[in-house]
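2 protein chains.
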Amino acid sequence: MAFTEFRTLDEKSLVEYIKATPGLSDKIGNNFDDLKIKEVGDGNLNFVYIVVSPAGSFVVKQAIPYVRCIGESWPLTKERAYFEALALREHGRLSPENVPEVYHFDRTMSLVGMRYLEPPHIILRKGLIAGIEYPLLAEHISDYMAKTLYHTSLLYRTTTEHKHDVAEFCGNVELCRLTEQVVFSDPYKVSDFNRCTSPYLDHDAEAVREDDILKLEVAELKSKFCERAQALVHGDLHTGSVMVTRESTQVIDPEFAFYGPMGFDIGAFIGNLILAFYAQDGHADQGNDRKTYKEWILRTIKETWSLFYKKFTALWDEHKDGSGEAYLPGIYNKPELHQLVQRKFMQDLFHDTLGFGAAKMIRRIVGVAHVEDFESITDASKRAQCERPALNLAKMLLKERRNFQSIDEVVSAIQQLQ
Amino acid sequence: MAFTEFRTLDEKSLVEYIKATPGLSDKIGNNFDDLKIKEVGDGNLNFVYIVVSPAGSFVVKQAIPYVRCIGESWPLTKERAYFEALALREHGRLSPENVPEVYHFDRTMSLVGMRYLEPPHIILRKGLIAGIEYPLLAEHISDYMAKTLYHTSLLYRTTTEHKHDVAEFCGNVELCRLTEQVVFSDPYKVSDFNRCTSPYLDHDAEAVREDDILKLEVAELKSKFCERAQALVHGDLHTGSVMVTRESTQVIDPEFAFYGPMGFDIGAFIGNLILAFYAQDGHADQGNDRKTYKEWILRTIKETWSLFYKKFTALWDEHKDGSGEAYLPGIYNKPELHQLVQRKFMQDLFHDTLGFGAAKMIRRIVGVAHVEDFESITDASKRAQCERPALNLAKMLLKERRNFQSIDEVVSAIQQLQ
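Going line by line, the protein sequences match chains A and B. Here this note's numbering is used: the first residue of the first sequence is 1, the next is one more, and so on. Here this note's numbering is used: the first residue of the second sequence is 1, the next is one more, and so on.
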């Protein structure tokens with residue numbers, strides 16, 4: 001059986017595909033007798049198969065030309081698999097400890113074969129709902145973000161390298177447009193796609209649509225998202241795109257990757273931690289009031305930014321005499337000036353982070369795609385009580401982000417707004 | 001004679017080329033008996049031939065793979081001709097009254113054939129040095145800038161169209177890098193390329209290199225230049241890229257075109273008018289003290305921005321229900337919100353304009369390429385007296401641009417700093 005043109009695989013044809021693909025069949029020692037295949041796609045966009053044999057294992061992810069959970073009525077280019085594979089390889093090269101290895105990519109079939117993240121790896125969001133602490137999470141994710149964002153920016157690279165890659169990732173425009181719609185547009189207008197915990201949050205959702213200052217500010221963030229090619233961002237770095245154990249943090253699913261503002265990734269991660277924080281009261285029960293866990297989440301938010309700041313500026317310091325073209329050594333190497341431009345850069349990035357993080361929070365409460373953190377709270381009234389302060393915090397952060405000087409101030413604001 | 005691979009033409013081989021090219025030979029009625037050919041390249045980068053016959057005329061511009069005035073030791077891709085032709089066609093489509101028509105483009109030969117801008121068209125810079133008023137200049141150039149910048153931005157277009165063209169123009173990276181070097185880098189460091197009116201301005205040039213706040217601010221502008229794909233900018237819109245008569249304004253030479261910040265074009269034009277203003281005292285003589293002319297330049301600066309503002313926002317208003325994806329009608333069409341976002345957008349653009357304009361002024365006084373406005377003042381001491389206040393104004397504008405609310409305030413600052 002040849003695979004010279006695209007078709008959607010099933011468990012049977014996948015076996016044929018693996019047999020015809022040495023890069024995959026080698027991983028299982030070419031032994032097809034004890035092969036176990038399990039489809040585990042979360043159902044939103046793609047098919048995901050876990051392939052395990054006694055000799056080895058891998059995951060196969062295949063993109064199909066529409067949104068899987070909706071059907072062919074919502075087409076979505078399967079070329080996203082190409083950009084996902086590109087980003088996995090580039091980010092994996094830069095941060096190998098935190099990105100699963102790609103074994104195989106087939107553009108015709110829109111298919112990536114990669115490392116299977118074996119148990120006890122679970123999706124971070126599920127761990128946050130279960131109240132599990134991950135002591136190395138902030139350390140790992142800040143490492144991943146610092147390395148991937150720094151090394152794909154003009155702080156590290158020449159304009160020639162940069163524009164070459166910017167052009168390549170312009171091809172991922174369909175996925176960018178999807179983000180523009182669901183993050184920066186739909187929540188701020190009447191849209192059939194929007195939903196919220198009704199009737200409790202109906203007025204809150206309406207207030208978002210009526211808030212002129214909020215809409216002015218979200219326009220500025222959208223413009224940065226669309227126009228500012230600052231670094232190769234993951235593009236969807238929420239807590240559902242991270243798999244964890246206590247010792248391991250693995251970033252997956254970068255199919256939204258493109259050259260955009262760094263704050264979009266950092267904000268996505270921190271914003272989703274804040275959502276997890278506000279959801280905890282909905283998960284509390286007699287056995288666990290989640291108070292200690294909420295403290296851990298706040299600590300993790302603080303450490304994520306603080307460690308990111310430390311690691312990112314350390315990379316910058318280390319390579320300041322390198323070939324990066326943003327701040328040439330001949331101009332910026334005087335120590336006090338180097339510190340001045342660095343502080344300015346990091347402050348701007350902090351404000352971008354808060355703005356994008358807030359936008360990502362808002363869309364998860366009044367937009368089309370909600371998060372399991374809240375959705376798993378079955379009592380709608382209780383869920384709304386968790387969502388409302390999260391929404392209010394996000395609105396305030398988005399509008400007043402430039403007044404925040406430190407992550408400590410953000411954490412204080414969260415503590416006060418519960 | 002076939003032209004299947006690149007070679008530099010001379011007047012003789014150009015005739016053969018025209019004979020082999022119907023798109024050009026048709027323009028002169030295929031009559032080669034009374035053909036007049038004259039090479040008029042200003043000597044910096046390219047060869048430019050004027051071709052005139054009794055039946056018609058055109059201009060041929062050929063790029064060569066190095067900087068003509070320096071030689072093969074400074075290579076520069078001849079592919080710039082491709083981007084120049086692309087930009088001439090796109091800007092010509094959007095603003096046909098102010099861009100010469102392209103008759104023919106040959107990528108192999110890096111050669112553009114286009115309308116000959118017949119006398120009395122002259123380069124605007126030369127007209128400004130001669131003290132000639134152009135009553136329609138502000139009207140025309142604001143029209144050109146409003147139409148080209150608006151229609152190539154996300155205010156008018158979809159993200160899909162936008163990213164497609166952004167990717168294409170990423171290919172013009174060599175010319176972008178040249179700008180980065182000569183505008184945003186060299187003037188702020190010791191560089192063999194830099195020169196200034198020595199010894200008079202030696203300390204002024206050194207002060208530029210020692211000014212930490214100036215260097216902090218120019219880094220922010222450089223980052224916008226490198227990363228922000230806001231619209232298809234001309235990329236070199238100084239007064240040497242405009243040909244004029246009293247009735248006509250024609251923008252030429254967009255070989256630096258790319259998707260960048262709108263303020264880079266508007267600033268280039270206004271910054272060069274300010275340079276022309278400060279040069280006038282050096283051109284004054286007993287017959288003409290240039291006072292009236294200086295008033296005209298200031299009026300033209302005011303009108304350029306005011307008319308640009310009016311035309312640009314009029315286009316925005318006209319198409320606000322169109323397919324532009326920056327401000328969706330469903331979110332921003334409430335009149336007071338529409339005005340709020342528009343005012344914010346235009347204020348940011350105004351500050352970008354002042355910043356980029358100031359950077360372009362500075363580089364013309366302490367960088368590699370100076371302007372004839374000053375260079376034609378033969379007395380070095382007198383020239384320095386003209387250049388110094390221009391440099392001081394530019395430094396102030398670059399550092400304090402965000403404090404300016406209107407073009408009137410800028411003109412007042414110019415009047416006070418003479």
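The reader is advised that the hints may include incorrect statements.
Quick list of simulated restraints, FRET-style, between CB atoms [said to hold, decoys possible]:
hint : chain 1 : residue 1 : chain 2 : residue 2 : range
1    : B       : H203      : A       : H338      : 21 to 31 Å
2    : A       : S323      : B       : V368      : 20 to 30 Å
3    : B       : R402      : A       : A207      : 38 to 48 Å
4    : A       : E220      : B       : L417      : 50 to 60 Å
5    : B       : D192      : A       : L417      : 50 to 60 Å
6    : B       : K310      : A       : R343      : 15 to 25 Å
As a list, the in silico BS3-like pairs of lysine-lysine whose alpha-carbon atoms are at most 27 Å apart [what the hints assert, rightly or not]:
hint : chain 1 : residue 1 : chain 2 : residue 2
7    : B       : K215      : A       : K344
8    : A       : K224      : B       : K126
9    : B       : K399      : A       : K399
10   : A       : K344      : B       : K189
11   : B       : K320      : A       : K311
12   : A       : K291      : A       : K224
13   : B       : K310      : B       : K320
14   : B       : K224      : B       : K344
15   : B       : K215      : A       : K320
To be clear about the criterion: a stretch of chain B counts as covered by chain A if any three or more of its residues have a C-beta under 8 Å from a C-beta of chain A, and this derived list gives those stretches [what the hints assert, rightly or not]:
hint : stretch
16   : 168-182
17   : 319-329
Please keep in mind that the hints were generated in silico from the structure rather than gathered at the bench. Using N, Cα and C, we set each Cβ at its ideal position, and we do this for glycine too.
- Task: Taking the numbered hints from earlier one at a time, note which ones the structure violates and give those numbers from smallest to largest.
- Result: Violated hints: 3, 4, 6, 8, 11, 12; rest satisfied.
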